[in-house]
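Trainee: Chain A is fixed; fit chain B onto it per the hints.
First to last, the protein sequences are chains A and B. Just so you know, we're using this note's numbering here: the first sequence kicks off at 1 and counts up by one. Just so you know, we're using this note's numbering here: the second sequence kicks off at 1001 and counts up by one.
A hint or two may mislead.
[Stated by the list, open to error] Not the full set, but computed from the structure, chain A residues with beta-carbon under 8 Å of chain B: (1) G14; (2) D109; (3) V110; (4) V121; (5) P176.
[What the hints assert, rightly or not] Heads up, simulated SDA-like pairs for lysine to any residue below, C-alpha to C-alpha not over 25 Å straight-line: (6) K1211/B <-> L1119/B; (7) K92/A <-> I1304/B; (8) K228/A <-> G1268/B; (9) K230/A <-> L1270/B; (10) K228/A <-> N1169/B; (11) K92/A <-> V1041/B.
Simulated from the structure, these hints should not be mistaken for laboratory data. Glycine included, C-beta positions come from ideal geometry on N, C-alpha and C.
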Amino acid sequence: MRRGWFLPIAASLGFAFLYAPIVSLVIFSFNESKLVTVWSGFSTKWYGELFSDPQLLGAAWLSLQIAAISASIALVLGTLAAVALVRFRRFKGRTLFSGMVSAPLVMPDVITGLALLLLFVAMESTLGWPQGRGMLTIVIAHATFCTAYVCVVVQSRLSDFDRSLEEAAMDLGASPLRTFFDITLPIIAPALVSGWLLGFTLSLDDLVIASFVSGPGSSTLPMVIFSKVKLGVSPDVNALATIIIAIVALGVLAATILQLRARPKRARG
Amino acid sequence: MTTAHEPTIPPPRRLRPWNAVERRLARVGITGRMLVLIAPVLWLLVFFLVPLAVVFGISLATKQFGRPPYSALLSTEEGTVQLTLHLSNYIRLFTDNLYVAAYLSSIRIAAIATVITLLIGYPMAYAIARAPDRWRNILLMLVVLPFFTSFLLRVYALTGFMRGNGVINQFLGLFGIEPLVMMQTDFAVYVGIVYTYLPFMILPLYTTLVKLDTALFEASADLGARPARTFLSVTLPLSMPGIVAGSMLVFIPAIGEFVIPSLLGGPGTLMIGRVLWDEFFTNTNWPRAAAVAMAMLVVVVVPIMLLQRAQSAVVEK
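Pulled out of the complex, with its shape left as it was, chain A reads as follows:
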């Protein structure tokens, strides 16, 4: 059968395409030469340079804070939205609501960024809030699009769990609120964790929206990286990329192992 060799080869080539540039970037982060593509010996000096660059460190710290706060806001809003969409079959404006929740997923970044900036400017001139732009406005912007991602993740978890558990709790006299905190929340907890992590990484990664809504003195990590890359090759960006890739790879690996471990247990119980 032809499919016998075609699929494995196509898949291997595809994976090679996905990983080759990343692998070469990691290798060249240990290159001695400033020329990013000519190998001249092993060195970790770019990592040292990275940690002595105050601008980069400041931007990284700002980005981490923004990511943590906006992922947390998005976690609350996205979970509430998911509960509404899965549990309330009918309510006024449901179509509009589900549209508003999912549209930010595919909205081009330039539109989202421009729209929020114009909103902030208009609000400042009419309401006097928010004053200027910076961390607060970036957090609001990121929380908005991360809400959409959290909602998708939580929605899928909510729609495939056994509702009889909730009904049993209610029959035993628990109020809906109590049922939610005692029964629903523990069950959807894994989805909440992955939703938060997804929001965190997406916020940490955003360049376009942050460029629109940030103010002077509040450059996020992607903004600093982008301006460095625009100026030309910089081996310290390779080093930074390697660190980020290593952290992410470990995180995803840990999550996958946890999931695989959890599976047989669930089947037994």
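Mentor: For chain B alone, kept in the frame of chain A given last:
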């Protein structure tokens, strides 16, 4: 809803606080549904829907020096409120060749890149869906992993790969092949879009392909169809929702892409996301940028509707 029929047996003591809170809220007319809906509805109205309305409003203003750098739509003069709407931005969009060319070239680049992504992603998704169980999760993780690593850094990794003295050209040099010019061409932009959006194509395709009943293939083979025929008349039509969902997930964001054309493309690579960016940051013409954004919204509305239909089909099956 719940207050209508109270349980006849009084609830245990430890349940009381929550129930009491809810009863008190119900008394002032606040139901559980309202409590769940109010925060996300308000947030999305204020930070998603209203901003789009503001963009539309400002697209009808003109550039002005000052803060904010656009003319006011409403003005009051001697007790009368005047509404001034300028259509000049939209007229410029249709009369200035730059904008029309940028829209057309964005759609062309996004469409071609989407087709290439589909051609690469389909066999990968199929291979993963047909892989043995213990391999499947690992392969899926390998697809998702790059999606979690920074988008910007992956585009940057490509520049190191395709540069004049980059990895590919050094490799070709080993065989005595002249270095290729890849960076700052449309070719590099295609590679960039395919490279960064491939996971978005593979995941929905995988979701539909993995649910297909293998009995269908066997039936088709038993009836004498060759593998190619089975693929064309059974597999392909059944995976259509995945194809549409994946394609739209690549096509829609690719149209408005800014990072890829500005890092990989050349000065001749016209894309509308970049035009909007320049209009805003370089020319500080906010009303013109707003009009460009509104026109871009019109372009992506139909693909977004297609996507929503396909996505519900992917989930339901």
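Trainee: Now tell me, hint by hint, if it's right for this structure.
Mentor: How the hints compare with the structure:
1. G14: Holds, because the Cβ-Cβ distance from G14/A to chain B comes to roughly 4 Å (cut-off 8 Å).
2. D109: Hint on D109/A: holds, closest Cβ of chain B at ~7 Å, below 8 Å.
3. V110: 5 Å, holds
4. V121: OK, holds: V121/A within 8 Å of chain B, min 5 Å.
5. P176: 5 Å, holds
6. K1211/B <-> L1119/B: 20 Å, holds
7. K92/A <-> I1304/B: 23 Å, holds
8. K228/A <-> G1268/B: Holds: K228/A and G1268/B sit about 22 Å apart, inside 25 Å.
9. K230/A <-> L1270/B: The given pair, whose Cα atoms are some 18 Å apart, holds under the 25 Å limit.
10. K228/A <-> N1169/B: Distance ~24 Å between K228/A and N1169/B Cα, so the pair holds.
11. K92/A <-> V1041/B: 12 Å, holds
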